[in-house]
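> With the sequences and hints as input, model every part of the structure.
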Amino acid sequence: MIVFDKPKALTDAPLHYCPGCTHGIIHRLVAEAIDELGIEGKTIGVAPVGCSVMAYDYFSCDMVEAAHGRAPAVATGIKRSDPSNIVFTYQGDGDLASIGTAETVHAATRNENITVIFVNNAIYGMTGGQMAPTSLPGQVTQTSPYGRDTKLCGFPVRVCEMLSELEGPEYLERVAVNNVKNIKKAKAAIKKAFENQINGKGFSLVEVVSTCPTNWGMTPKDALKWVDDNMIPYYPLGVYKDRSGKEEK
Amino acid sequence: MAKLTFKTDLCKGCGLCVDACPKNLLTIAKDKINQKGHSPVEITNQDECIGCAFCATMCPDCIITVER
Amino acid sequence: MTEKVLMKGNEAIAEAAIKAGCRHYFGYPITPQTEIAAYMAKRMPKIEGTFLQAESEIAAINMVYGVAATGKRVMTSSSSPGIALKSEGLSYLAGADLPALVVNVQRGGPGLGGIQPSQSDYFQATKAGGHGDFRMIVLAPAFVQEMADLTIKGFDLADKYRMTSMILADGTMGQMMEPVEIREDAEITTYDKPWAVTGTGCKREHNIVNSLFLKPDQLEKTNIERYERYKLIEESEAMYEEFMMEDAEICVVAFGIAARVSQNAIVEARKQGIKVGMIRPITLWPFPKKPLLAAADKVNKFISVELSMGQMVEDIELAIRCKKPVELCNRVGGMIPSPEEVLAKIKEANGGKN
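Protein chains in written order, with numbering that gives the first Met the number 0: chain A, 0 to 248; chain B, 0 to 67; chain C, 0 to 353.
It is worth saying that the hints were derived from the structure and are not from the lab. Misleading hints may appear alongside valid ones.
[To be verified] Cut-off 20 Å, straight-line C-alpha distance, at most; resulting in silico cross-link-like pairs (EDC-like, lysine to aspartate or glutamate):
| no. | chain 1 | residue 1 | chain 2 | residue 2 |
| --- | --- | --- | --- | --- |
| 1 | A | LYS224 | B | ASP18 |
| 2 | A | LYS5 | B | GLU41 |
| 3 | C | LYS202 | A | GLU35 |
| 4 | A | LYS5 | C | GLU204 |
| 5 | C | LYS202 | A | ASP34 |
| 6 | C | LYS289 | C | ASP246 |
| 7 | B | LYS6 | A | ASP4 |
| 8 | C | LYS288 | C | GLU245 |
| 9 | A | LYS7 | C | GLU204 |
| 10 | C | LYS202 | A | ASP81 |
| 11 | C | LYS202 | A | ASP56 |
| 12 | C | LYS45 | A | ASP81 |
| 13 | B | LYS35 | A | ASP56 |
| 14 | B | LYS35 | A | ASP11 |
| 15 | A | LYS5 | B | ASP8 |
| 16 | A | LYS183 | A | ASP241 |
| 17 | A | LYS41 | C | GLU204 |
| 18 | B | LYS2 | A | ASP4 |
| 19 | C | LYS192 | A | ASP81 |
[Claimed, not checked] Covered by chain B, per the in silico footprint, the following chain A stretches (three or more residues, Cβ under 8 Å):
| no. | segment |
| --- | --- |
| 20 | 15-23 |
| 21 | 215-226 |
[As the list claims (entries may be wrong)] Computed spacing ranges between beta-carbons, pair by pair:
| no. | chain 1 | residue 1 | chain 2 | residue 2 | range |
| --- | --- | --- | --- | --- | --- |
| 22 | C | LYS214 | A | THR126 | 12 to 22 Å |
| 23 | C | GLU236 | A | LEU151 | 52 to 62 Å |
| 24 | C | GLU219 | A | ASP11 | 25 to 35 Å |
Cβ coordinates follow ideal geometry from the N, Cα and C atoms, glycine included.
Spelled out as structure tokens, the structure:
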């Protein structure tokens, strides 16, 4: 009996991501949630600009490619067009927390009934490793070659914490995909974010602390360790808002 | 008895599965090269696989099928 | 039969859009077009439509992109600085071949400019709606009735050719009240949209709405195909109106409010024995090149009457292949030329005779 295989909601297209990039894991978790909830036929995904720009080739459901940062606005249009569809966005940190901050905040405060998968790997990957809104203090990138100087360029944006101050959003959780245990939690969070939408509860965002071995200049294995040692201490995992649940941070 | 099947040509040789295996059964086959130009993963001893699917859980490219 | 009702131009656009089957409106407040949003805010909830005040013009046009991707009729409206913000979305709509209606009730610029009427977004609308090679169908109403009719026409052309139609009005047209008839029995064509994202139902391959083509040969192909469609539009969809052109020796070219002012001036000039007429472009893209070129063999001069520093002049010169001189009669910054000013220009063009 097959106990583990590629989910149906993923196409057969080979992923273009670098070796060890955890985007692939997150794609799979989203697809598994879609499969388990039996919603592929009515799901419409919105791809961002960034490394996952070609996510539209990887999910079997209908897909729309949005302009940089605008995915929550595009998703709003799609959802308002037919609220019976299940609409998700898949966005990176530059897309969601920098150029698209306004779209993110306002979709959240409207409690727009969509699911947002936010991949935070603290860097702009697609363009070759520039400083992101989520790059850590001191983090060396192509555009912070001496390390992120918070005096010059401020501090990283903690998206879940920021959005949790709003009354609007239904559910905000930060997870990671750096080990099997965290991946299982991430899967549960993503599934819940889709269930919330199915049940009409509203805006659900799952922030997934992820890796970028290539632009961090590390082996995939070391990148997972860097998540534990550096990312998670700055971006604590957990539920930041859950209006229906009991556990609230 | 568990069985792993690899879509070897899609493997990027990242090794995340190798570190995830609790039985240390996986290895990157340095002497081999796949269509993509990567050295792919292979299993050293299929008989000892417990089918926990940790390797498949960590695999970013969905190349591992686990049967039990 | 439908009764005529007195409406503001902006309201006529909104009601006509609803008539055309538009049930989704996204906007952001900006003078002098906010009546469209206000009208939609009242009407949409009563007809199970969507009115949403977006957080920005950028968000609004991207919400439009989302609805357009699902194949439904959708619109946004703004005024000059707001349209500039929408350029990003206009380009993406073009790149993804999505139909939408965008209304620009122009005000003076550049920058924050003013809130009075202007036509100084002519270049932006007809030539530079955003980055990349693309066009928009640009419709220029001169009457409140046309605000309604061209809105319905705009939705139809947008669907027919899978592109953006823009209503290029101005503050005067938006604020002016005139009797309007929005015909209850107006025929609304519906178009098949097999490309739309409506959910696969697990019964078909997934649809992808996208403007990214990383392979240059593919991107080139999409551009060339799009321009073949544009060529067809140029051949078949140009709209214009001729006024007293039969024996004209001077041809005024004007659209929107400038055309109405010019019409008064022309009637007066005719009384004074000057053979002057007007070609009024109703579509600014496609530009009515054929009637202008034909007129170039008959008239001695053209006068472009515009509320800009002379943006349409260039299109007239190109259309008539510079066969005759094109003079400019303009006011800008929110000022409107008076019929007397236009008449003076006509007299001057007539060689000071009469």
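> Hey, LYS202/C versus GLU35/A, does the alpha-carbon distance stay inside 20 Å?
Holds, at about 18 Å.
> Compare the distance between the alpha carbons of LYS202/C and ASP34/A with 20 Å, and conclude whether the hinted pair is satisfied.
holds, 15 Å
> Is LYS35/B close enough to ASP11/A, meaning Cα to Cα at most 20 Å?
holds, 16 Å
> Are the Cα atoms of LYS41/A and GLU204/C separated by 20 Å or less?
holds, 13 Å
> Starting from LYS288/C, check that the Cα of GLU245/C is at most 20 Å away, please.
With a Cα-Cα distance of about 18 Å, the restraint between LYS288/C and GLU245/C holds, given a limit of 20 Å.
> Would you check the hint for LYS6/B and ASP4/A, treating anything up to 20 Å between C-alpha atoms as holding?
holds, 11 Å
> For the pair supplied as a hint, LYS202/C and ASP56/A, confirm whether the alpha-carbon distance does not exceed 20 Å.
holds, 17 Å
> Is the hinted pair LYS183/A and ASP241/A satisfied, with a Cα-Cα distance of at most 20 Å?
holds, 19 Å
> Within a Cα-Cα threshold of 20 Å, do LYS289/C and ASP246/C meet the stated pairing?
Satisfied, since the Cα-Cα distance of roughly 18 Å is no more than 20 Å.
> Checking one constraint from the list: CA of LYS202/C to CA of ASP81/A, max 20 Å. Satisfied?
Given that 20 Å is the threshold and the Cα spacing comes to 19 Å, the pair holds.
> Given the hinted pair LYS45/C and ASP81/A, is their alpha-carbon gap at most 20 Å?
holds, 17 Å
> Within 20 Å, alpha carbon to alpha carbon, are LYS192/C and ASP81/A?
holds, 15 Å
The structure shown violates none of the earlier numbered hints.
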